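Q: Quick note: to get the working numbering, add 366 to the position in the sequence shown (first position is 1).
Warning: the hint list may mix true and false statements.
As the list claims (entries may be wrong) - With beta-carbon atoms standing in for the labels, derived distance ranges:
#, residue 1, residue 2, range
1, 438, 415, 22 to 30 Å
2, 457, 570, 18 to 26 Å
3, 438, 465, 22 to 30 Å
4, 438, 627, 26 to 34 Å
5, 526, 619, 41 to 49 Å
Claimed, not checked - Mimicking DSS-like on lysine-lysine, the simulated pairs with C-alpha atoms at most 30 Å apart in a straight line are:
#, residue 1, residue 2
6, 371, 453
7, 728, 641
8, 453, 428
9, 541, 641
10, 453, 541
The hints are simulated quantities; they were obtained by calculation from the structure and are not laboratory data.
In this text the structure is predicted, and so the values were computed from the model without any measurement.
Glycine residues also receive a C-beta, built at the ideal position from the N, C-alpha and C atoms.
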Amino acid sequence: MKQKKRDFWIKLTAASLIGAVLFCFMPLGRMARAENDFVHWYVGGLLYGTPDIHLQAPNHAKQAELLGHTLDHSYFIRPTFYGFFLKPLTWFPYLTSYYLYQTYSVLALLFFLWTFSRRWPDIWVYAAMSIPIISHMVNGQDVTSLLLFCTVSILLSRRGRDFPAGLVFALCAIKFHLFILTPFAMIAHRRWRLFAGASVGQAILFLIGLAGGGWPVFLSLIALLRRPENHPYPELMPNLRGMVQALTGDSSPAVYVSLCLLLAAVALYLIWTAKSYEKSFAFAVMAGLVINFHAYIQDPILLFLCAVLLFDGEESPALRTVFQILLFPAVYLLLLWQPPFSGTYGLLVLAVFGVAVRDQLKCRLPAMGMPKSPPEVVQQS
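Kindly produce the complete structure, drawing on both the sequences and the hints.
A: Here it is as structure tokens:
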């Protein structure tokens, strides 16, 4: 036991040093001045309740007031209801609000890590050197909110409180495109109260969004999302779109869509055959992370959630190994590098799904009355 603790602290110290070195190469000045994605959230809170919340000119005008200049490809492109929850940020001066928000992000991350570290202690090691986590803090992003919502939802569901678990999970609609397959996990395991809670939560959020300016605001959001310049640098995206762009040098819509449909079918098989709701949920989130159209380097933080749900002691060594490689910093350094190296991330995700399907088929063969291997021939003397 003492040796295990000593090994853990050695690994954590080494990982922390790696993380510190990586952090030093980040644009820390821009981070300190809050010249990052946080300005989206602050502006969204300011403009909620007006028809300007998703319009480019008003967004840029507010950015100029706050920063003295505007950021490229920078608008409030989250669902309208999110502006309502961001409103309290605007009760404080911009920089004060920013530091409060970053503190909240760190606390949300620590709560997630502490909650699941008993199942997988090495989560602290991988988190300490995680480029997605470092990038998240530098960019002032909000993926840690998703971790918080999912963690609370899972804890409630474990206590049999499925309806409130669904209500909390509905808040993940701030990045709905990453969770498009999660309803199938609820349906596959007949978690009807969980599904009902999520549906009621979505309806409430829709009404909050509607109160923020009515249908014209929704239409302006759709128009904003349809603009190609608001989804830049596809070759750097940690999804199938990025993998296809990196490996082929072209967007190749036919290849991209075909891969998405194939992986969605594979994910649905894993969702439907997984032994527990939590494993189904993990596969659904993993698939959502790569079949979407818009994702960036901070979004794979959700892979930590998938890992702790899949690492239940019954996973195969191969699945654990491939997944741990996927969390290692080298993968994200390749992602940030030029094509075709940036396609490595997508290939590793496909490898995880391939190993998971193999493991699931091996588990199901005995259950279907089929032997894992041909029966031995007994020789009679």
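Q: Check the following: the C-beta atoms of residue 438 and residue 465 are separated by a distance inside 22 to 30 Å.
A: At roughly 24 Å between Cβ atoms, residue 465 and residue 438 fall inside 22 to 30 Å, so the hint holds.
Q: With a cut-off of 30 Å on the C-alpha distance, tell me whether residue 453 and residue 541 pass.
A: It holds: about 18 Å lies between the C-alpha atoms, which stays within 30 Å.
Q: For the range 18 to 26 Å, tell me whether the beta carbons of residue 457 and residue 570 fit it or not.
A: holds, 23 Å
Q: Taking 30 Å as the top limit, are the C-alpha atoms of residue 728 and residue 641 close enough?
A: Distance ~13 Å between residue 728 and residue 641 Cα, so the pair holds.
Q: Regarding residue 438 and residue 415, is the given constraint of 22 to 30 Å on their beta-carbon distance met?
A: Given range 22 to 30 Å: holds, Cβ gap about 27 Å.
Q: Taking 26 to 34 Å as the stated bounds, is the beta-carbon spacing between residue 438 and residue 627 within them?
A: Holds: the Cβ-Cβ distance is about 33 Å, inside 26 to 34 Å.
Q: With the threshold set at 30 Å, check whether the alpha-carbon distance from residue 541 to residue 641 stays at or below it.
A: holds, 27 Å
Q: Given the proposed pairing of residue 371 with residue 453, does the C-alpha separation stay at or below 30 Å?
A: Given pair residue 371, residue 453 is violated - Cα atoms ~44 Å apart, limit 30 Å.
Q: Taking only the CA atoms, is the gap from residue 453 to residue 428 under or equal to 30 Å?
A: Holds. Residue 453 to residue 428 sits at ~15 Å (cutoff 30 Å).
Q: Take a look at whether the Cβ-Cβ distance between residue 526 and residue 619 falls inside 41 to 49 Å.
A: The hinted range 41 to 49 Å holds for residue 526 and residue 619, with Cβ atoms some 45 Å apart.
This entry does not satisfy hint 6, going by the numbered hints stated previously; all others are met.
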